[in-house]
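Construct all of the structure, not just a fragment, from the sequences and the given hints.
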Amino acid sequence: MATATAEPTALGRGSMTPLPYRVVRTRRENHDNWTLELEPVGEAIEPIGPGQFDMLYAFGVGEVPISTSGDPELDGRLVHTIRAVGAVTKALCAAKRGDVVGVRGPFGNRWPLAEARGLDLVLVGGGVGLPPLRPVLYNALAHRADFGRLVLLYGGRTPRDLLFARELERWRGRLDLSVHVTVDAASSDWHGRVGVVTTLIPGARFDPAEAVAFVVGPEIMMRFTARALLDRGIAPERIWISMERTMRCGVGLCGHCQLGPTLICRDGPVYRWDEIAHLLEVHEL
Amino acid sequence: MRTLDALITESPVFEGLPPEQLELIAGCASNVVFGEGDRLFREGDPADVFFLVRHGLVALDAYVPNRGQVTVETVGAGEVVGWSWLVPPYRWHFTGRAVEPVRAVQFDAVCLRGKCDDDAELCRNLLKRFSQVLVGRLQATRLQLMDVYGDSNR
Chain W
215 MATATAEPTA
225 LGRGSMTPLP
235 YRVVRTRREN
245 HDNWTLELEP
255 VGEAIEPIGP
265 GQFDMLYAFG
275 VGEVPISTSG
285 DPELDGRLVH
295 TIRAVGAVTK
305 ALCAAKRGDV
315 VGVRGPFGNR
325 WPLAEARGLD
335 LVLVGGGVGL
345 PPLRPVLYNA
355 LAHRADFGRL
365 VLLYGGRTPR
375 DLLFARELER
385 WRGRLDLSVH
395 VTVDAASSDW
405 HGRVGVVTTL
415 IPGARFDPAE
425 AVAFVVGPEI
435 MMRFTARALL
445 DRGIAPERIW
455 ISMERTMRCG
465 VGLCGHCQLG
475 PTLICRDGPV
485 YRWDEIAHLL
495 EVHEL
Chain D
-3 MRTLDALITE
7 SPVFEGLPPE
17 QLELIAGCAS
27 NVVFGEGDRL
37 FREGDPADVF
47 FLVRHGLVAL
57 DAYVPNRGQV
67 TVETVGAGEV
77 VGWSWLVPPY
87 RWHFTGRAVE
97 PVRAVQFDAV
107 CLRGKCDDDA
117 ELCRNLLKRF
127 SQVLVGRLQA
137 TRLQLMDVYG
147 DSNR
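As they're listed, the protein sequences go chains W and D.
Here the first sequence is numbered in our numbering, starting from 215 and rising by one per residue.
Here the second sequence is numbered in our numbering, starting from -3 and rising by one per residue.
Just so you know, these hints were derived from the structure itself, not from any lab.
Bear in mind that the values here come from a model prediction, so they are computed numbers and not experimental data.
Incorrect hints may appear among the rest.
Distance windows between CB atoms, simulated [as the list claims (entries may be wrong)]:
{"id": "1", "chain 1": "W", "residue 1": "M230", "chain 2": "D", "residue 2": "L141", "range": "39 to 49 Å"}
{"id": "2", "chain 1": "D", "residue 1": "R35", "chain 2": "W", "residue 2": "R388", "range": "30 to 40 Å"}
{"id": "3", "chain 1": "D", "residue 1": "W79", "chain 2": "W", "residue 2": "D390", "range": "30 to 40 Å"}
{"id": "4", "chain 1": "W", "residue 1": "D421", "chain 2": "D", "residue 2": "A73", "range": "13 to 23 Å"}
{"id": "5", "chain 1": "W", "residue 1": "K304", "chain 2": "D", "residue 2": "V60", "range": "42 to 52 Å"}
{"id": "6", "chain 1": "D", "residue 1": "A73", "chain 2": "W", "residue 2": "L389", "range": "16 to 26 Å"}
With a straight-line cut-off of 25 Å between C-alpha atoms, the simulated DMTMM-like cross-links for lysine to aspartate or glutamate are [claimed, not checked]:
{"id": "7", "chain 1": "W", "residue 1": "K310", "chain 2": "W", "residue 2": "D246"}
{"id": "8", "chain 1": "D", "residue 1": "K111", "chain 2": "D", "residue 2": "D44"}
{"id": "9", "chain 1": "W", "residue 1": "K304", "chain 2": "D", "residue 2": "D143"}
{"id": "10", "chain 1": "W", "residue 1": "K310", "chain 2": "W", "residue 2": "D285"}
{"id": "11", "chain 1": "D", "residue 1": "K124", "chain 2": "W", "residue 2": "E489"}
{"id": "12", "chain 1": "D", "residue 1": "K111", "chain 2": "D", "residue 2": "E96"}
Residues from chain D that keep clear of chain W, each with C-beta distances beyond 10 Å, as calculated [stated by the list, open to error]:
{"id": "13", "residue": "V29"}
{"id": "14", "residue": "C107"}
{"id": "15", "residue": "C112"}
{"id": "16", "residue": "A116"}
Heads up, the beta-carbon is just placed ideally off N, CA and C, and yes, glycines get one too.
Put into structure tokens, the structure is as follows:
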């Protein structure tokens, strides 16, 4: 199942064999997330776009799919934000400046930014769902006049789990971007909102009749968020989500990321809500 | 500056009520202001008021031994704080604290309960609207309990 208007891309060099990339910068985002900036040692993969992912290879440990979290207009350098949860991601997060990792990609389709032009753009990120949305935000801010209201709704587990804290502060200071952050749990020294990310939707300022929403987060969060966006009045064909399943090959051969008739690495990860929602209700998938 | 009547009429929770009922509700309302850190109400106290937040953020706190005050939810502009006034024994279940300066409409719940006793239609309409608030909070709390960001890499 290929989505109607998400932007597919052809496979290029570096789709089957990892190309060596050097870690040129690492940044600790919070207690368990790091951002790596990578530059090619020799040959480079094709440019990666908002919504796409690379397979990052920690040599001798393994390979994992990680979405791009960088500015799509910065040439050459790959930016990936990684949560240290398993052996591979822990090895990647432990990488130091000068280390070399393998990169295959880019894989998957892109966020349909063209669909959002002229409309209000609502970005809803939950947990580590914010990094795949950051390139969209960079793009929208770089082409601000192309969009109506720009709204970022971000929910985290606790204040210490929030990502890109300094950037969130900077974005909050902009007059042409509306940023709302909430956490699921906090002590009383937290001065922000407490509650799930869906609670931000009723009060957010956008015109539901003229809005497009991009949503990333755990599947259950995306389901609840989509319902809240529908309740607010956004049309189902204007809600897009980014799916995640266990991805291995990245090129639609191994079938690990199959969800019913679709292979997420090849046809996704970005799907239109009305095209994917029925599959999310099938427990066996 | 908008009048108390206008603030109540425009709020989502009272939107669409007949003018005579809005008038009855407004008769039990007043404007209030709280400074940062001020307590709006305390857990266990009689729930004889509720609030419609106009500006600012209210935290609902619970005291947890060895952890101190834990915020379970915040309520912002346009939202209602308090449903304990609807259900006996009419006591607050959490402590309400102004996270930042808060402007709100305060409703005298004793006054409103009295009017509800005399006006079944008003009572029905209020219960209908507050049920929606309660269901929304319940669904949000269920999602909160799932701790959806706990194990996922997203």
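Hint by hint, here is what the structure shows:
The hinted range of 39 to 49 Å is satisfied by M230 (chain W) and L141 (chain D), whose Cβ atoms lie roughly 44 Å apart. Our hint of 30 to 40 Å for R35 (chain D) and R388 (chain W) holds, since their Cβ atoms are close to 34 Å apart. Between W79 (chain D) and D390 (chain W) the beta carbons are some 37 Å apart, a value that agrees with the proposed interval 30 to 40 Å. Judged by the Cβ atoms, the range 13 to 23 Å given for D421 (chain W) and A73 (chain D) holds: they are separated by roughly 19 Å.
Hint check: K304 (chain W) to V60 (chain D), Cβ distance near 32 Å, so the stated range 42 to 52 Å is violated. A C-beta distance of roughly 19 Å is found between A73 (chain D) and L389 (chain W), which places it inside the suggested range of 16 to 26 Å. A distance of roughly 15 Å separates the Cα atoms of K310 (chain W) and D246 (chain W); the hinted pair therefore holds under the 25 Å criterion. The straight-line distance between the Cα atoms of K111 (chain D) and D44 (chain D) is roughly 14 Å, inside the 25 Å bound, and the hint therefore holds.
Using a Cα cut-off of 25 Å, the hinted pair K304 (chain W) and D143 (chain D) holds, with the two alpha carbons roughly 22 Å apart. For the suggested pair K310 (chain W) and D285 (chain W), the alpha carbons sit about 22 Å apart, so the restraint of at most 25 Å is met. Pair hint K124 (chain D) plus E489 (chain W) does not hold up; C-alpha atoms about 35 Å apart against a cutoff of 25 Å. Taken as a hint, the K111 (chain D) and E96 (chain D) pair is broken in the structure, with Cα atoms around 33 Å apart against an allowance of 25 Å.
Every CB of chain W lies more than 10 Å from the CB of V29 (chain D), the least distance being 18 Å, so the non-interface label holds. At the 10 Å boundary, the C-beta of C107 (chain D) stays outside the reach of chain W, the nearest C-beta of that chain being 28 Å off. No beta-carbon of chain W comes within 10 Å of the beta-carbon of C112 (chain D); the shortest separation is about 26 Å. A cut-off of 10 Å between C-beta atoms confirms that A116 (chain D) is not in contact with chain W; the least separation is 29 Å.
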